[in-house]
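S.K.: Following the hints, complete the assembly by docking chain B onto the known chain A.
Those protein sequences? They're chains A and B, same order as listed.
Residue numbers for the first sequence follow the working numbering, so the first one is 1 and each next one is one higher.
Residue numbers for the second sequence follow the working numbering, so the first one is 1 and each next one is one higher.
Be aware that a few hints might be false.
No more than 30 angstroms apart at the CA atoms, straight line, and that leaves these computed lysine-lysine pairs for DSBU-like [stated by the list, open to error]: (1) A/Lys35 to B/Lys180; (2) A/Lys35 to B/Lys24; (3) A/Lys78 to A/Lys67; (4) B/Lys184 to B/Lys197; (5) A/Lys67 to A/Lys35; (6) B/Lys223 to B/Lys183; (7) B/Lys223 to B/Lys197; (8) B/Lys24 to B/Lys194; (9) B/Lys46 to A/Lys35; (10) A/Lys35 to A/Lys78; (11) A/Lys35 to B/Lys184; (12) B/Lys223 to B/Lys46.
Calculated from the model, a selection of chain B residues having no Cβ within reach of chain A, i.e. all distances over 10 angstroms [what the hints assert, rightly or not]: (13) Asp5; (14) Ile44; (15) Asn144; (16) Asp159; (17) Lys194; (18) Pro204; (19) Phe240; (20) Val242; (21) Phe262; (22) Arg283; (23) Glu292; (24) Arg322; (25) Val344.
Simulated from the structure, these hints should not be mistaken for lab results.
Please read these numbers as outputs of a predicted model, since none were measured by experiment.
The beta carbon of each residue, even a glycine, is placed where N, CA and C say it ideally should be.
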Amino acid sequence: MKGMDLLIYAIQLLLYPGISFALAAGLFSEWFTRKLYARFQNRRGPTYTGPFGILQPLADFLKLMLKEDIATRVSGDKAVLFMLSLSLGALCLVMLFTPLAVRGLAFPYDAVLVVYLLIIPSLVFALVGYASYNPFGIYGSSRVVVLLLGYEPAFLLSIFMPMFATPGGFGFSVMEAASGAWRLWSGPTAIPMAIALATALISLQCKLMEKPFDIPHAEVEIVGGPFTEYSGPKLAYIGLLHDFELVVGGVLITYLLLGGAAPFQGPLGALAVLIKFLAVVSVVTLIKAVFGRFRIDQASNMLWRYVILIALADLILAAYVIPKLA
Amino acid sequence: MTTTDLIIGPQHPALHEPERFVLKLDGEYVVDVVPRIGYVHRGIEKAAELRSYIQDVYLIERICGICNVSHSLVYVQTVEALQGFEIPPRAAYLRTVVHELNRIHSHLLLLGVVGELFGFDTLFMYLWRDRELVMDVVESITGNRLISAFNVLGGVARDVGPSQISEAKRAMEYLRGRMKFYKKVFAEDPTVEKRSKGVGILKPSSALSLCAVGPVIRGSGIKTDLRADDPYAAYGEIPFNVITYDTNDSWARFMVRVDEVFESIGIIEYALDHLPDGPIRARFPRRVREGEAVGRVEAPRGELINHIISKGGDKPYRFKCRTPTLANILAACEMIRGGQIADVPVSLSSIDPCFSCEDRLAIIDVSKGERYSARIRDLMAKYGASR
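Just chain A, same shape as in the assembly:
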């Protein structure tokens, strides 16, 4: 790799589609979710800061950033900051593998790397709780781990499905799969695509720890769960990490399962990406509004007994059964 290439990738990481873009998109998605969630509940949502309250998430973020950074004597303070920045970076890097990037990264089997990068934030959510050395934090973290064992395989199987179904061999590259995803919606592969979309949305809901899977930070049971001890900048980073996960998860589903810009191109294609992304966010918000919280045993039961098995069967259907029939 030449020096020029490195510079291009560094700029992409810092500006678009990396940190700056992900920050803007994350805060926008948070505003969109809050506004929509409020409308579902017969409330108005953010109205004060900026037009339609659009700057409220930014104001919340800045307020937390400017607060005093408090750490208890027993908590692993530096380690927490390191873990949080590592996972923010990991998610920014994932953005480079998607077609959003101006000059993206693509090589055979890069999807495996993407999956590894996606697991980092989930692990970090668990580790920050353990590092806080608080009973509520430890209980929250153990709940994160229990859920993680359920939804990570399900999410992985769901986003791998188009790669298995792409005709002409297993590229296992996110870029390649994204370019072929729209074609899978025509013909018999539309059935496994629809199933994969459903399982991906459920596991994304769980990954984001939104209702009905907000069990790790169920405030009426274990206060803030893993985040109980955190305030100020660290809490801002935790909130940001959640927003980044929403953006990255939404973008991956938009490209891999909904076909991204297709069937349009150019500016119309960008609009299609935006609409598909907002549709994913809306579905997440709708599920959040119509469900209460499950109990940890009910949630893991559901993930293991249904979601993972359905996602696995779907993968087999797409990779082996449908090509045989055709």
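M.R.: Leaving out everything else, chain B in the frame of chain A:
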């Protein structure tokens, strides 16, 4: 077996009042629970002995903000019983109407909070929005949304006119439609079913031996309601059903409250239709004769008892109040044992807790690994704070 302690309260998001429960946990399961009550002791009973009977009406209805009407009602009834005083029939009917409006608002409030404890925020928002309707009716009848001193010694404070009656009846009709929807939600919604069915079991035998009261004991299938068993105000003349469910779980206790709202709407409509004419209060003497009386009413949370001793004069010699939550707290601990952490807020809320001393502060020195408790006086002496 080693257990972990997890402390709920006194400052905890699940409880909106200070109360402490130490849970002994084995993983996610609760092995035992130790309650600690008394954080909001305000000395109201002693304060009542220092004030006149009339001033006490305003003091005692402030014991609880939510069921304030029950508190003032049981107090005025007890004092009237002490004096052997009969109130005009119109006053008895109006007391019943406001008492039932208070019950509806209290039940809707609790059901909304339950939604929040399930993590079902949407249900919470909807229920509390419709609860505002009841608050408007209460305001139009009594003059204030919540604490209004409507019940006074010898009758009620304000009369209602035809326009208020028709407004209240219109509101009740609308509320009945909304409640049908909420009943469907509580009966059929998967989240409610998952989180409350079979959770916090209280067997009828335990309910009786632990002296549970109100919707808690009715949720265990035992038919007891003071409004029917020992009628006061105008309840003897108004037809209504005592609701019971026999699944013994948190769901049963919520459904009892949902159905009781329908009964309360019926009672209010009947009372407003059959409102007798006549005065709304009679002159009550300032001095109450010597004696002792016990009064009780069915508050939204259960049986509420007042005990007053008078030695003559214009102040009570002794005033004692037993609130329903105190009677239900042992039953709540029974429900929590054997469940999961996630069930604790649900079970606790199913008794509709309303927690109303000198406390010690525990200091833990991490570097030395020591733990000791200190009184506020010691801390002031150590850190030189002036009083």
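S.K.: Now tell me if each hint is right for this structure.
M.R.: A quick look at each hint next to the structure:
1. A/Lys35 to B/Lys180: holds, 29 angstroms
2. A/Lys35 to B/Lys24: With a Cα-Cα distance of about 40 angstroms, the restraint between lysine 35 of chain A and lysine 24 of chain B is violated, given a limit of 30 angstroms.
3. A/Lys78 to A/Lys67: holds, 17 angstroms
4. B/Lys184 to B/Lys197: Status holds; Cα separation ~15 angstroms.
5. A/Lys67 to A/Lys35: holds, 26 angstroms
6. B/Lys223 to B/Lys183: Judged against 30 angstroms, a Cα distance of about 21 angstroms means the pair holds.
7. B/Lys223 to B/Lys197: With a Cα-Cα distance of about 21 angstroms, the restraint between lysine 223 of chain B and lysine 197 of chain B holds, given a limit of 30 angstroms.
8. B/Lys24 to B/Lys194: holds, 24 angstroms
9. B/Lys46 to A/Lys35: violated, 50 angstroms
10. A/Lys35 to A/Lys78: violated, 35 angstroms
11. A/Lys35 to B/Lys184: Answer holds: lysine 35 of chain A to lysine 184 of chain B is near 27 angstroms, not above 30 angstroms.
12. B/Lys223 to B/Lys46: violated, 35 angstroms
13. Asp5: violated, 7 angstroms
14. Ile44: Holds: least Cβ distance 29 angstroms, greater than 10 angstroms.
15. Asn144: At roughly 25 angstroms from the nearest Cβ of chain A, asparagine 144 of chain B sits farther out than 10 angstroms, so the non-interface label holds.
16. Asp159: With a cut-off of 10 angstroms, aspartate 159 of chain B remains clear of chain A, as the shortest Cβ separation is near 35 angstroms.
17. Lys194: Non-interface label fails for lysine 194 of chain B: nearest chain A Cβ at 6 angstroms, not farther than 10 angstroms.
18. Pro204: holds, 26 angstroms
19. Phe240: Phenylalanine 240 of chain B is indeed farther than 10 angstroms from all Cβ atoms of chain A, at 31 angstroms.
20. Val242: At roughly 29 angstroms from the nearest Cβ of chain A, valine 242 of chain B sits farther out than 10 angstroms, so the non-interface label holds.
21. Phe262: Check passes; 23 angstroms lies beyond 10 angstroms.
22. Arg283: Nearest chain A Cβ is 48 angstroms from arginine 283 of chain B, so the label holds.
23. Glu292: About 43 angstroms separates glutamate 292 of chain B from the closest Cβ of chain A, which puts it past 10 angstroms; holds.
24. Arg322: It holds; arginine 322 of chain B is separated from chain A by about 28 angstroms at its closest Cβ, greater than 10 angstroms.
25. Val344: At about 7 angstroms from chain A, valine 344 of chain B fails to clear the 10 angstroms cut-off, so the statement is violated.
Of the numbered hints given earlier, the model fails hints 2, 9, 10, 12, 13, 17, 25; all others are met.
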